[in-house]
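2 protein chains.
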Amino acid sequence: MTAANPFYTPELQGPYELYSLGRFELEEGGVFDDLQLAVSTFGTLNVVKDNAILIVTWFSGTHQAWADSYIGEGRALDPEKYFIIVVNQIGNGLSTSPNNIGGELAGPAFPKVRISDDVRAQRQLLEQEWGITKLFAVVGGSMGAQQTWEWAVRYPDFVERAAALAGTAQNTPHDFLFTNTLIDAITSDPGFQEGHYTSHTEVEAGLRRHAEIWSVMGFCTDFWKTEFWRTIAPEGSDWTFEEFSDNFLGTLFASMDPNVLLTMAWKWQRADVARNTDGDLAAALGRVTARFLDMPISTDMFFPPADAAAEVELCPAAELKVIDSICGHFGLFAFERSYLEQVDDNLRELFAS
Amino acid sequence: MTAANPFYTPELQGPYELYSLGRFELEEGGVFDDLQLAVSTFGTLNVVKDNAILIVTWFSGTHQAWADSYIGEGRALDPEKYFIIVVNQIGNGLSTSPNNIGGELAGPAFPKVRISDDVRAQRQLLEQEWGITKLFAVVGGSMGAQQTWEWAVRYPDFVERAAALAGTAQNTPHDFLFTNTLIDAITSDPGFQEGHYTSHTEVEAGLRRHAEIWSVMGFCTDFWKTEFWRTIAPEGSDWTFEEFSDNFLGTLFASMDPNVLLTMAWKWQRADVARNTDGDLAAALGRVTARFLDMPISTDMFFPPADAAAEVELCPAAELKVIDSICGHFGLFAFERSYLEQVDDNLRELFAS
Numbered sequence: 015m016t017a018a019n020p021f022y023t024p025e026l027q028g029p030y031e032l033y034s035l036g037r038f039e040l041e042e043g044g045v046f047d048d049l050q051l052a053v054s055t056f057g058t059l060n061v062v063k064d065n066a067i068l069i070v071t072w073f074s075g076t077h078q079a080w081a082d083s084y085i086g087e088g089r090a091l092d093p094e095k096y097f098i099i100v101v102n103q104i105g106n107g108l109s110t111s112p113n114n115i116g117g118e119l120a121g122p123a124f125p126k127v128r129i130s131d132d133v134r135a136q137r138q139l140l141e142q143e144w145g146i147t148k149l150f151a152v153v154g155g156s157m158g159a160q161q162t163w164e165w166a167v168r169y170p171d172f173v174e175r176a177a178a179l180a181g182t183a184q185n186t187p188h189d190f191l192f193t194n195t196l197i198d199a200i201t202s203d204p205g206f207q208e209g210h211y212t213s214h215t216e217v218e219a220g221l222r223r224h225a226e227i228w229s230v231m232g233f234c235t236d237f238w239k240t241e242f243w244r245t246i247a248p249e250g251s252d253w254t255f256e257e258f259s260d261n262f263l264g265t266l267f268a269s270m271d272p273n274v275l276l277t278m279a280w281k282w283q284r285a286d287v288a289r290n291t292d293g294d295l296a297a298a299l300g301r302v303t304a305r306f307l308d309m310p311i312s313t314d315m316f317f318p319p320a321d322a323a324a325e326v327e328l329c330p331a332a333e334l335k336v337i338d339s340i341c342g343h344f345g346l347f348a349f350e351r352s353y354l355e356q357v358d359d360n361l362r363e364l365f366a367s
Numbered sequence: 015m016t017a018a019n020p021f022y023t024p025e026l027q028g029p030y031e032l033y034s035l036g037r038f039e040l041e042e043g044g045v046f047d048d049l050q051l052a053v054s055t056f057g058t059l060n061v062v063k064d065n066a067i068l069i070v071t072w073f074s075g076t077h078q079a080w081a082d083s084y085i086g087e088g089r090a091l092d093p094e095k096y097f098i099i100v101v102n103q104i105g106n107g108l109s110t111s112p113n114n115i116g117g118e119l120a121g122p123a124f125p126k127v128r129i130s131d132d133v134r135a136q137r138q139l140l141e142q143e144w145g146i147t148k149l150f151a152v153v154g155g156s157m158g159a160q161q162t163w164e165w166a167v168r169y170p171d172f173v174e175r176a177a178a179l180a181g182t183a184q185n186t187p188h189d190f191l192f193t194n195t196l197i198d199a200i201t202s203d204p205g206f207q208e209g210h211y212t213s214h215t216e217v218e219a220g221l222r223r224h225a226e227i228w229s230v231m232g233f234c235t236d237f238w239k240t241e242f243w244r245t246i247a248p249e250g251s252d253w254t255f256e257e258f259s260d261n262f263l264g265t266l267f268a269s270m271d272p273n274v275l276l277t278m279a280w281k282w283q284r285a286d287v288a289r290n291t292d293g294d295l296a297a298a299l300g301r302v303t304a305r306f307l308d309m310p311i312s313t314d315m316f317f318p319p320a321d322a323a324a325e326v327e328l329c330p331a332a333e334l335k336v337i338d339s340i341c342g343h344f345g346l347f348a349f350e351r352s353y354l355e356q357v358d359d360n361l362r363e364l365f366a367s
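Chains C and H, in that order, are what the protein sequence lines are.
Residue numbers for the first sequence follow this note's numbering, so the first one is 15 and each next one is one higher.
Residue numbers for the second sequence follow this note's numbering, so the first one is 15 and each next one is one higher.
It cannot be assumed that every hint is accurate.
Since the list gives no way to pick one copy over another, a pair counts as held whenever it fits inside one copy or between any two copies.
Claimed, not checked - Within a straight-line C-alpha distance of at most 25 Å, the following computed DMTMM-like cross-link-like pairs (lysine to aspartate or glutamate) qualify:
| hint | residue 1 | residue 2 |
| --- | --- | --- |
| 1 | LYS239 | ASP48 |
| 2 | LYS335 | ASP236 |
| 3 | LYS63 | GLU355 |
| 4 | LYS95 | GLU327 |
| 5 | LYS126 | ASP260 |
| 6 | LYS239 | ASP292 |
| 7 | LYS335 | GLU249 |
Note that these hints are calculated values from the structure, not bench results.
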């Protein structure tokens with residue numbers, strides 16, 4: 015039995031509701047008796063149900079990042095105009111996950127989950143709870159971008175617009191190898207015990223090494239060289255860059271659940287819309303009918319603009335707009351006002367089209 | 015007592031000679047009773063001693079990489095024209111290192127060595143053995159580039175030309191954090207035993223995790239996506255990209271000595287020519303009088319062209335020429351004919367000036 019981890023509570027992540035989807039069969043063969051999705055909504059669904067925006071979450075993230083930084087009155091994602099549904103991905107610690115399922119599928123026995131499982135579950139949720147059969151837009155970053163692409167390829171008739179930030183439709187081998195380093199940093203910790211730790215604190219060393227790799231791949235050289243990180247560090251702190259890395263990312267990831275992270279990492283590695291078309295990526299991307307806005311971040315080390323551009327080339331419905339940021343992939347955390355302005359401007363344009 | 019590691023022998027690294035420099039005091043306070051440099055020379059020093067080219071080595075590398083791929087008749091580094099001296103860096107396993115020093119300074123007790131120690135030792139070697147007081151050129155890649163920059167800043171009168179590949183004069187914090195991940199992959203292995211392992215094979219898991227990080231940061235996304243690696247894999251092998259990573263880099267690094275790698279990693283992290291000028295990088299780079307050719311590799315993930323360009327901006331004597339490669343930092347391994355052609359063309363132009 016794993017001790018409860020306070021990280022995965024409304025107190026830390028902000029309010030959400032759990033929706034039951036009942037029995038749910040996963041692509042890889044696992045079955046949940048009752049899949050629960052943790053959802054946070056903003057705004058009101060209009061009568062004709064044409065103002066629903068689905069937001070999907072990234073690795074290690076929850077609905078909170080979107081609620082805190084991206085959604086708000088006067089913003090592109092404006093709850094005054096749209097009914098915004100943020101769905102936590104399966105395995106992220108809030109929706110059905112290794113840390114909360116209990117019973118036989120708990121911890122390291124949690125089944126393999128794919129991006130496509132998330133997207134199927136999200137569709138079921140939308141239809142079942144609100145009778146939504148068409149989305150004004152799907153929006154997501156990183157693993158959320160993977161889900162966004164899957165939505166646009168799998169259910170083209172369901173998606174009118176889509177916006178992907180810092181992610182690709184088909185994960186690259188480079189990205190796969192990067193994720194391996196994250197996985198192995200955790201699983202190599204003797205405290206991990208093949209996933210049978212009794213508290214995530216037993217895996218703190220591995221989680222901190224995992225965070226250390228993020229400090230390299232999640233940011234970029236200019237983030238560190240210009241000391242942009244000082245704008246994020248607590249006021250008055252006299253941290254060095256190593257201390258910032260350890261105190262900020264290290265402490266953040268050390269508070270998470272290893273099996274939760276590993277569930278998401280496995281899923282991330284295998285994201286691939288071409289699974290819908292027998293491995294033909296061009297055929298998959300050719301199915302997209304949504305107006306698709308693809309927004310890689312200029313300094314992203316593992317979802318670099320070139321990888322996004324190569325996919326947009328294959329997708330007639332997609333447009334590429336590179337977001338300028340000094341924060342690498344973690345530009346997603348919205349440390350920069352200029353980043354949010356670019357994203358909002360692009361989303362507004364997409365939503366007006 | 016550590017078991018002898020066959021990786022660090024002439025049988026595997028090619029022939030070299032050991033030169034004794036006698037008692038040698040290190041910047042950080044350590045003292046070698048008799049510093050030995052492992053050296054391989056090519057060609058003949060002319061009578062006026064103005065045809066000597068010093069080549070310095072990179073992390074985990076030896077003189078072998080230069081002998082095998084860069085030096086040869088008809089090449090820019092032509093032993094028919096030049097007296098080429100390849101000096102293995104201190105701590106690389108062939109020159110005085112944790113694995114070969116024996117006695118009180120063996121293994122984890124090996125003292126901290128800086129890039130500037132290497133450069134001072136190399137100068138002593140050149141003067142003592144051959145009476146060389148001016149170099150036609152200094153050439154190095156990666157940590158060799160760090161030594162090359164140090165040469166040009168520390169001993170401007172000694173260096174007529176310099177060529178740095180894939181490295182910087184002042185290590186960046188991003189690079190420092192990257193190197194931390196390499197270090198921690200090794201030291202976190204329980205078999206490392208704080209450096210007191212009896213054979214490097216006890217640290218194989220850590221060395222392979224270290225290699226896994228290299229497969230991400232040492233190459234780049236296009237290297238993996240285009241499957242360029244198939245041109246390196248043994249003919250007829252049916253490896254996946256993960257197997258290539260594990261069989262190629264994993265096996266290579268697993269054959270090395272952990273304390274040797276850690277000695278170099280510490281040195282790499284702290285390379286900084288501004289130590290010669292009280293921390294003023296512009297002042298340091300302003301001291302360079304050599305014609306300095308700076309050649310970052312286009313796809314390098316941790317010594318990216320932008321970091322090199324920023325230094326060239328501060329160095330009136332330097333010129334930037336980005337080398338186009340699909341192999342990231344490991345372009346240095348010279349897998350591509352086009353890479354070697356660019357390097358040779360640039361070196362020829364430098365040597366003709």
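Classify it for me, LYS126 with ASP260: is the Cα-Cα distance of at most 25 Å met within a copy, between copies, both or neither?
Between copies only: 24 Å across, 30 Å inside.
Copy assignment of LYS239 with ASP48, given that the CA separation must stay at most 25 Å:
neither (48 Å within a copy, 39 Å between copies)
First find the shortest C-alpha distance between LYS239 and ASP292 inside one copy, then the shortest across copies, and answer within, between, both or neither for a cut-off of 25 Å.
Between copies only: 19 Å across, 44 Å inside.
I want to check one pair: LYS63 and GLU355. Are their C-alpha atoms no more than 25 Å apart within a copy, between two copies, both, or neither?
neither (28 Å within a copy, 62 Å between copies)
Cα distance capped at 25 Å. Does LYS335 pair with GLU249 within a copy, between copies, both, or neither?
Answer is neither; intra-copy 34 Å and inter-copy 41 Å both fail.
Since the copies are identical, ignore which copy is meant and state whether LYS335 and ASP236 lie within 25 Å (CA to CA) inside a copy, between copies, both or neither.
both (21 Å within a copy, 21 Å between copies)
Tell me, please, which holds for LYS95 and GLU327 at an alpha-carbon limit of 25 Å: within, between, both or neither?
neither (32 Å within a copy, 50 Å between copies)
Checked against the numbered hints given earlier, this structure breaks hints 1, 3, 4, 7; the rest are met.
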